[in-house]
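Q: The sequence shown stops at residue 345 when you use the working numbering, and every number in between is there.
Please keep in mind that the hints were generated in silico from the structure rather than gathered at the bench. These numbers come from a predicted model, not from an experiment. Where a beta carbon is used, it is the ideal one built from N, C-alpha and C, also for glycine. Incorrect hints may appear among the rest.
Between beta-carbon pairs, the in silico distance windows are [to be verified]:
no., residue 1, residue 2, range
1, His-315, Gly-291, 22 to 30 Å
2, Asp-65, Glu-305, 51 to 59 Å
3, Ser-325, Pro-126, 31 to 39 Å
4, Thr-79, Ser-256, 26 to 34 Å
5, Glu-305, Tyr-84, 42 to 50 Å
6, Gly-271, Gly-291, 23 to 31 Å
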Amino acid sequence: MGQQVNVYRELKMFPGARISGQLGPLYDPGGRTYYVNNITGSATGQGDSWNDAMDEVSTAITASETYRALQATTNEYVRNTIVVQGTDTKYTGLADLGEEYNLIGLASPTGGRGWMADSTCGGVQLGNSTRHGLYDTDGDNTGVYIANIQFKAEGTTDSPSLPVFQTATLDQCCIEDCSFLIASAASRQPTDGILITTGANGSVFRRLHIGGTNAAPTSRTQDGMHISGTIFRNCLVESCILCAQEKAFHIPSGCIYGDGTMVWHNYMGALGHGSCAYGIYDANATAEGLGGHISYVHNFCDAGDPMSVAGEWTRCIMNYAASTVLSD
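Whole structure, please, built from the sequences with the hints as guidance.
A: As structure tokens, then:
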């Protein structure tokens, strides 16, 4: 006859541990929570509490991916959560965004706004002279939720003119209440605030702020949000402030699959930072049936050319430039 074991506090199962027999109804198959603090944490921390925090977001993402890989193939979508403590020290940017987890910044609930680029109020700043906020050239990122993070571009000789946030693919991801800014010490202009090089499907971008730097207000990214790949399908861009020098929202002619995507109630322009050439620039002129078009509804454009959209009469509704209605 088997013996009963009473556990009054916590039973930890480390990676590779196995359980034989039938799991009872109280077994928790859910994801893990990892804690990150670049002041009190360490590279060897387990991340299971603030007392044993990890030192970098990248360390926690690696641990999250390792744990997720242990799941059965039909349960590999288990979601983990990474909680990052805001400090006055910048976290190193990411080379891999990973999959299926929540990334939450624990700081002032302003989405990284405030002192624009060099917050001294304990914001979560992701990106330094070693690496910009995200530079993932071949990542296939699925199911990632990000909130209250300030992505940063140093733009120095050690970290050249790359985007603040670049990835290849974003599928079914949600990024909200985040900012994409330039450090006051930047000597090179980042090419984009957000650059997606392959495409995005079913993703949400909400209440984002792409801006400049308080030290040089006219210093901005060349483009704000730029989809250089072929696909931007079934996505939502809502209530964002997209500030840039050239194109605040940029869809080139090669991005031919935009069906199901709504760009709704955003500001595109200079935001008091000098001038912006184009508010919305969408060159996708693909015939219907061969691709798909993005819909633009109730956006506010402050630029030399507020809206340059191929076939705008078929997909633009109630957009504005200052007090002028661009489409109705």
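Q: Indicate, hint by hint, whether the structure satisfies it.
A: Hints and how they fare:
The given range of 22 to 30 Å is respected by His-315 and Gly-291, whose C-beta atoms sit roughly 25 Å from each other. At about 53 Å, the beta-carbon gap between Asp-65 and Glu-305 stays in the expected band of 51 to 59 Å. For the pair Ser-325 and Pro-126, the supplied restraint of 31 to 39 Å holds, since their beta-carbon distance comes to about 36 Å. The beta-carbon spacing between Thr-79 and Ser-256, approximately 33 Å, falls within the hinted interval of 26 to 34 Å.
For Glu-305 and Tyr-84, the hinted distance range of 42 to 50 Å is satisfied, since their beta carbons lie about 45 Å from each other. Under the hint 23 to 31 Å, the C-beta atoms of Gly-271 and Gly-291, about 29 Å apart, fit the expected range.
Hint violations for this structure: none, all hints satisfied.
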